[in-house]
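Student: Sequence:
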Amino acid sequence: MPIELGMFDVIIGMDWLVKHDVVIVCGEKFVHIPYGNKTLIIESDKGMSRLKVISCIKAYVPVICDFPEVFPDDLPGLPPSRQVEFRIDLVPWVAPVSRAPYILAPSKMRELSVQLQELLEKVFIRPSSSPWGTPVLFVKKK
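Following the working numbering, the numbering of the sequence shown begins with -17 at its first residue and continues without gaps.
Worth flagging that the hints you see were computed from the coordinates, not collected in a lab. A few of these clues could be false.
[As the list claims (entries may be wrong)] In silico lysine-lysine, DSSO-like type, Cα no more than 27 Å apart, as pairs:
| id | residue 1 | residue 2 |
| --- | --- | --- |
| 1 | Lys11 | Lys1 |
| 2 | Lys124 | Lys40 |
| 3 | Lys104 | Lys123 |
| 4 | Lys122 | Lys40 |
| 5 | Lys123 | Lys40 |
| 6 | Lys90 | Lys124 |
[Unchecked claim] Listed next, with one range per pair, are the computed distances between beta-carbon atoms:
| id | residue 1 | residue 2 | range |
| --- | --- | --- | --- |
| 7 | Asp3 | Gly59 | 44 to 52 Å |
| 8 | Thr116 | Asn19 | 54 to 62 Å |
| 9 | Lys1 | Arg64 | 30 to 38 Å |
| 10 | Ser95 | Val5 | 57 to 65 Å |
| 11 | Pro16 | Val73 | 40 to 48 Å |
| 12 | Tyr84 | Cys47 | 17 to 25 Å |
| 13 | Cys47 | Trp114 | 39 to 47 Å |
| 14 | Pro16 | Cys47 | 43 to 51 Å |
| 15 | Thr116 | Thr21 | 45 to 53 Å |
| 16 | Leu94 | Gln65 | 29 to 37 Å |
| 17 | Gly59 | Tyr84 | 25 to 33 Å |
Virtual Cβ for every residue (Gly too), placed ideally from N, Cα, C.
Modelling step: build the complete structure from the supplied sequences, incorporating the hints.
Tutor: Next up, the structure:
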C-alpha cells in the first residue's frame, strides 16, 4: 500500500498491516494505524495515484550464467508423480462449447505434430480424452 510520507513512498505488506491491526478505508482514502492508546490517521491526496506498477521483478540473468549446471538447456522430464492428483471440477451438466478448430497451414500442422511428438516422448504431456481443449497459436521467438 503506497503512503506518501514527505518525499518518500512506502509500500507496506499484508503481514505488517495484520500485525498492527491497520484499518484501510478505501472509499475515503484513509489508513488508521493504532499507535499506543491513539490512532495515527494517514490521508492520501484525493488526486490520481502516481503508482503505475503493481508488481515488477527484474530478472537477474548473471545468475543463470554463473550456474549453468543448475539451468540445463533441455529438461530431462517432468517432476516425479505426486500422491495427490489435481483436477478441475466442472459445473455439472455443462457441455463443452463446440467450435471448429483453427485451420493451420500444412507447414504449421507438420511443426505442431513434430513438437507434440517431442513433448510426448519427453513425457511433458500425455494423451487426453478431455472434451475441452484450446487452440494452438505459434509465436516467433525473440
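Student: Take the hints in turn and mark each one as holding or not.
Tutor: To see whether the hints hold, each was checked on the structure:
A threshold of 27 Å between alpha carbons decides the hint, and for Lys11 with Lys1 the separation of about 21 Å falls inside it, so the pair holds. Between the alpha carbons of Lys124 and Lys40 the distance comes to roughly 18 Å, so the proposed pair stays at or under 27 Å and holds. Under the criterion of a C-alpha separation no larger than 27 Å, the hint pairing Lys104 with Lys123 is consistent with the structure, at around 21 Å. Restraint check: the Cα-Cα separation between Lys122 and Lys40 comes to about 23 Å, which is no more than 27 Å; the hinted pair holds.
Distance check on the hinted pair: Lys123 and Lys40 sit about 20 Å apart at the alpha-carbon level, within 27 Å; holds. A threshold of 27 Å between alpha carbons decides the hint, and for Lys90 with Lys124 the separation of about 18 Å falls inside it, so the pair holds. Taking the beta carbon of each, Asp3 and Gly59 are about 48 Å apart, inside 44 to 52 Å as hinted. A hinted range of 54 to 62 Å for the beta carbons of Thr116 and Asn19 is consistent with their spacing of about 58 Å.
At roughly 34 Å, the beta carbons of Lys1 and Arg64 sit within the given window of 30 to 38 Å. Distance hint check: the CB atoms of Ser95 and Val5 are about 58 Å apart, consistent with the given range 57 to 65 Å. A hinted range of 40 to 48 Å holds for the C-beta pair Pro16 and Val73, which are about 44 Å apart. Checked against the hint of 17 to 25 Å, the C-beta distance between Tyr84 and Cys47 comes to roughly 39 Å, which is inconsistent with it.
For the pair Cys47 and Trp114, the supplied restraint of 39 to 47 Å holds, since their beta-carbon distance comes to about 40 Å. As the Cβ distance of Pro16 to Cys47 is approximately 48 Å, the hint placing it in 43 to 51 Å holds. Judged by the Cβ atoms, the range 45 to 53 Å given for Thr116 and Thr21 holds: they are separated by roughly 51 Å. Our hint of 29 to 37 Å for Leu94 and Gln65 holds, since their Cβ atoms are close to 33 Å apart.
Hint check: Gly59 to Tyr84, Cβ distance near 29 Å, so the stated range 25 to 33 Å holds.
Of the hints listed earlier, the one the structure fails to meet is number 12.
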